[in-house]
Structure formats: structure tokens, C-alpha cells
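Enquirer: Heads up: the sequence shown begins at 1 in full-length UniProt numbering, then just goes up one per residue.
There are no misleading hints in this set.
With a straight-line cut-off of 30 Å between C-alpha atoms, the simulated DSSO-like cross-links for lysine-lysine are:
1. Lys-461 - Lys-28
2. Lys-192 - Lys-6
3. Lys-285 - Lys-192
4. Lys-28 - Lys-180
5. Lys-105 - Lys-299
6. Lys-97 - Lys-132
7. Lys-285 - Lys-177
Label pairs and their computed distance ranges (CB to CB):
8. Glu-157 - Arg-218: 31 to 37 Å
9. Thr-314 - Gln-113: 41 to 47 Å
10. Leu-330 - Arg-46: 31 to 37 Å
Simulated from the structure, these hints should not be mistaken for laboratory data. A virtual CB, placed ideally from N, CA and C, is assigned to each residue, including glycine.
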Amino acid sequence: MPDTKKLYDVIVIGAGPAGIFAVLELLKDAPQTKILLIEKGRDIDRRKCPMMQGKSSCASCAVCDLLSGWGGAGAFSDGKLSLSSEVGGHLARYMDKETLEGLIKYVDDVYRQYGAPEKVFGESPEEMERIKNLASKNDLLFVPTRIRHIGTERCKEVLERMRLYINEKIDVVFNTKVTKIIVDGNKATGVKVITGEEYKGRFILSAPGREGSRWLEREAKRLKLTLLNNPVDVGVRVEVPASVMEPLTSVTYEPKLIYYSKAFDDRVRTFCVNPYGEVVKEYLKGVWTVNGHSYARHKTGNTNFALLVSTYFTEPFKEPISYGRYIARLANFLGQGVIVQRLGDLRRGRRSTPERISSGIVEPTLKDTTPGDLSFVLPYRYLTDILEMIEALDRIAPGVNSRHTLLYGVEVKFYSMQIKLTPELESEVENLFAIGDGAGVSRGLVQASASGIMAARAVLKRM
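Can you make the complete structure from the sequences, with help from the hints?
Expert: In C-alpha cells, the structure reads:
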């Protein structure tokens, strides 16, 4: 049990990949380090989402087991490790490319040590070049990326092994939310939790994840830290027969494609491609959004992926997260959750109905949806961008632009306001480090994990 009278060497807020890898690195080089890890969700073996247990509807839990708990939001993701320095975050701002690539390899080795599979997609230069050339002829930019796919069920197993290793080496407290970072004379000295207890620590590593990004932003403003705007990504999740995307996914598993729209010159990209996967709902502080998973051992007949439009807001607007939540709430208001629509119905200017969905050739993998009309939800600009990219994708993966293609809305990625950090990821408050997706420095498992290692190494130098 954690001790309020004990002075910890390090207090880690959040047990997602950033927090876990920080702990692993600290224990590797300094096993006697006194560490307290505080997580507002549950332990890995107690995370039980009703939808993951076969129940169709979201229970709107106060703390979402899909997003919070040991492993963070990545615990029930499909576990894609992007082994490229060009995707998955902003760590290139803090080091040169060669150093970052070395760190990514180190992270990958740790995942393999705990059970990640050996197979890597995207190892064929000839096939990757073929896709790149085909994409460029159709106004698409293909980002070659090597992917190690763990799979949703294996991801949980990997995290369980990490939990077993860490068990009893540190103090861990679950179901406990940190409410305040304690600072004395511009130096972080501890944290206060929702029950009122205070824990003292020499170094504080804040890794609250995307689900905790709003809390970290509030704390940053309270502590008068410099904040940098990150974009908000808004779009839809697309579901097609797996055979449509097979020419791409068989080579690279997750084809990362970027398109600049003709109408507005907006950046649109594919994200989180799930071959033979399923579409899922996520619940975040009163808002339902959509996401996708794929399993290593269980396959569906469909592939799903997100199409996201990135928007950087300029002065005076400084609330990109609130804007994304507003659009998601609008979809929830109209559809009482997630809306699904056939692409053909959207193009014809009519809503989808249960009968029209059931008569299509794409059987939806997410049943807990409301057939509706996404044009009442997404701004015209975003909708135009997405429809343009679907047309471009159809030229390299024929069938994407089919009238039977399903669109689920909305998908929103809340990238936190990024805190101004040093190359060691230390904030303007001494001994307070901000890591992972919740701090705006990463956008995926690998760079989130890497950021935890960076902060841990900085701490080790000072101990």
C-alpha cells in the first residue's frame, strides 16, 4: 500500500504505455528506486468493458474500462507498433532522427521481450515502392511504415507480463484519481488524490493519457505553464469488405496515406487501419465516439479505418478539444450514440435506415448504432474533404467508393494542448515531466513508450 509519510523517488501519474515504460526503465537501471504509480482506472485483470464481453451497448461507466486502467487506452487497442520515426508523435522535436530511431528500436525490443510477435509488415521495399508510386499518381502521399501487429488479445497478454514483472517492486494504487500536482517554489514535490491524501515525491512523471488530457491542461494553466496548440482531428470510421483493402494491408498492414483536398487544401489522412477487424464505441466523459480494433486470432470479413481531417486553430480560438467534443456530442444528440450511414445514402442526400443498412453488402461489425445522416453532424468543409479522399482511395483500392461502404461517426482524436518541454520532457516546473499522449508529445504506443523512457533516463541522471 502507498505510504503518505514516505518520500518517493518518483511518482508516476497514469499506467498507460508512457507510465509503464518509465517504471520499467527506472527498475532496469536502479531497481531500488522508490516508485509510486497512481492510476485512476482498474488493474488489467479487472478491466471489463460490457461491449468487450459481447454486450452490444455501452454502459456509460464513470471511468471507461476501454480507456483507463493498467495499459491505458492501448490495452484494448489492436496493438500496432509503428516502427518509423515519421509517425506516432512529436518526439522528433526533441532529438535527431538517428537518436529517435534508436530509441524506437529499443522500445520495440522491450515489447518483443514481453511477448510481441516477431512478424513485421512493410519489410518488402519493392512492394512499398509500388504502393508509393500508385498513390502519388492519384494525389495521395504514402508514408512507408514498418508495423509490428500485436493484436488486441495479445496486447492484454503483453501488458499482463509487464504487470507481473513490476508487481511488488513498486507501490501501485488503482481506482484513484490525481487531482493536483503539488509545487513548492517552482519545484514539483508531490501529488494530491481525490480522497484527499497527499504523496510526496522528488520527481513527478505525468502520463494521464488522452483520457486525462483535459485534467493535465487545467493543471498546466493553474501552474502557469506555457501551452502550445495541437490540432484536433475529426472524421469518420470507414468499413469495407476486407478484400477491398487487401492489396494494401497484405503489404503494410496499416497503409498511412495523406491527401490534401482540392476544395480547401486541408490535410486528410488514414488512421488506425484494422484489417479483418471490427468497429467499436468509446465513451469519454459523457461523449460516445467510434474507434476500431483488430485481433490476432479472431478475424471478421471487414476492414475498417478512420479518415481524419486535421485542423490547427489560430488566434483567438484556443479550445480544439472542446470543438471536437462539440461535434461528437452533436452526433450523440442526433443518433443517441454513434451514427452509421451508407456512403451511397450520404451522396444521395438521404439518411440511412435499418432497412437500407441491412440490404447492403457490408455487414456492420458494430451493432450498437443508429442509422442516420452524417451531413447533419459534420461541417460541410470536413464532409467535402472526406468524400474527396474516398474518391482518391478508390483509385488505388477499388471498392472503397462503393455505395455500400459504411461510415460511422464521429471519430475524434483529442490531442492535448502540448506543454512547453525541455529535450528531456521536463516542464517549466522543476522535476515535473509530461509524457505520453496526454501531454501531446505522442500519438501512439511506440512514441508514448519512448517518452516514458526519455523521462526515466533524465531522472536517473539526477538521482
